[in-house]
Amino acid sequence: MFDIAPDHAVGLYAGLLALPLALLAIRFRPTPRVPGTVLGASVLMAMSGAIHIGLVWTHLDETITAALFVINGLAYLTLSQLYSWRWWRPASAALITMTLFGYLGYIVLGFDAADQVALATKILELTALGLVLVPVAGERPWRRRRWGILVVAVPLLTVVTISVAWIDALARPDTQHVHVGAVLQQTNDVATPEQEAAAKQLYDQTVVAIAPYGDWHKAWDAGFRPGGSQSLPSTHWMNQRNVDAGYVMDPTHPQGLVYANSKHGPVLLGAMFQMKNINNFGPDPGGPLTAWHQHENICFTPFGFEFSLMTPTATCPFGAIDITASPMLHVWIVDNPGGRFAIDIDDKVVKRIDQT
Amino acid sequence: MIKPEAPSGRPEAVFVLLLLQCLFWLIAGLSAAPFVLGGEIHMAGLVLATLLLALGTCLLAIGVLWRRRRARSLAIALEVVCLFGTAVLLLIPLGFNKGPVSMLVNAALPLTIIVLLRKDGEAFS
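Those protein sequence lines, which keep their order, are chains R and W. First residue of the first sequence? That's 469 in the working numbering, and the numbers climb one at a time after it. First residue of the second sequence? That's 14 in the working numbering, and the numbers climb one at a time after it.
Keep in mind the hints are simulated off the structure, nothing from the lab. As the structure is a computational prediction, the values presented were derived from the model and not from experiment. Using N, Cα and C, we set each Cβ at its ideal position, and we do this for glycine too. Do not take every clue at face value.
One side of the interface only, derived from the structure: several residues of chain W facing chain R at Cβ under 7 Å [as the list claims (entries may be wrong)]: (1) Phe37; (2) Gly42; (3) Leu43; (4) Leu103; (5) Val114; (6) Ala120; (7) Ile127.
Covered, in the sense of this in silico footprint (three residues per stretch, anywhere, with C-beta under 8 Å from a C-beta of chain W), are these stretches of chain R [claimed, not checked]: (8) 691-702; (9) 774-786.
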């Protein structure tokens, strides 16, 4: 959702190229003066049309999709220049609405996945729809009806479009985005015997090295501090000295420990190694068994060190900022159904610990 | 029908942009709510603040549409703060998203609102 699909990049370039051309067309075209909202919608529709036409070349092997892109693109480009036509507003509103629903259908049916080019295009189209519908001061035809459609259709279509794109991305993540907001290090598919042995060695060394921290007081003395809310099932305790020192996957100096917040006090679940810099994945001795992950596009708030997810429109809640956490690798010393090096600890494990 | 001597329509265009911005914040606020249920208690304050921000932005949009001078000033101030925040996040190496959607929503949208409102000051009372 936050990447640009390689076959969609050309659409982005086409849209950007269309912007100055659409502005020039408006500037030099000898037509009756029309409201700025209409000209704005014309420019945005020209950009959307160019994006759709641009996508044709990379979808030639998908005949129906390519044909739809051609029809859609030409319709947008034509309507972007017909703004003095009597039926321009209803035609444009219908085209934009049909395009939005068509796209949502493609997403729901699994023919396509939302990426940055698609989402940016949808935002352009939603803005264009608003500009098409909004009546300017002094305009009388269909004024009340246009207001009615605007205040219902634009919010509804915006919420539905974003929700569908988001739900699809969360429900059908690609192979690299195996977890909400986490991008997995690329590795070979199946671990070799050497990689299995290396993963076991790393696991054994880590279990021995962090065993003393089963007593959280010793972890505290060693410089580990809770890095978030203690009301959550588990909390990461970070050691800033180890973070700053930049140890790389050193079992004796993990950057963090993970404790379950049980009613009997913190119970050690495992260790966390973390690299110092974003996009710099650490060594991967166990291949797919010890793949690092990087949390991208998460909304972080310093109030209680809490996190939420950035929306598809790249927006965070007020008071939170969009960050990327540098690559990390967990080693779980408790029996975790997801695996010894899984991205997350299973909630059931934490609940079981809390109950015993 | 479009009149030969049509108005600029800048306040109406700003209304549409502010309406979209309000919706983006509304979705951000609502999407953080499940994290409150998951135990992130401080997130409740952020959810409330974001929903209030969305409501305020919606009211500003209406105020701009009605050509209220104070709404225009507040909208410009809000967008300047948004742009400043985006600039800061772009400069500090925290991994701020620099994709086209982020640039559209966090940079182009506030900038467009400022430009549209700056040029049409005399239309506001």
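So which of the earlier hints does this model not fit? Hints 3, 4, 6 and 7 not satisfied by this model.
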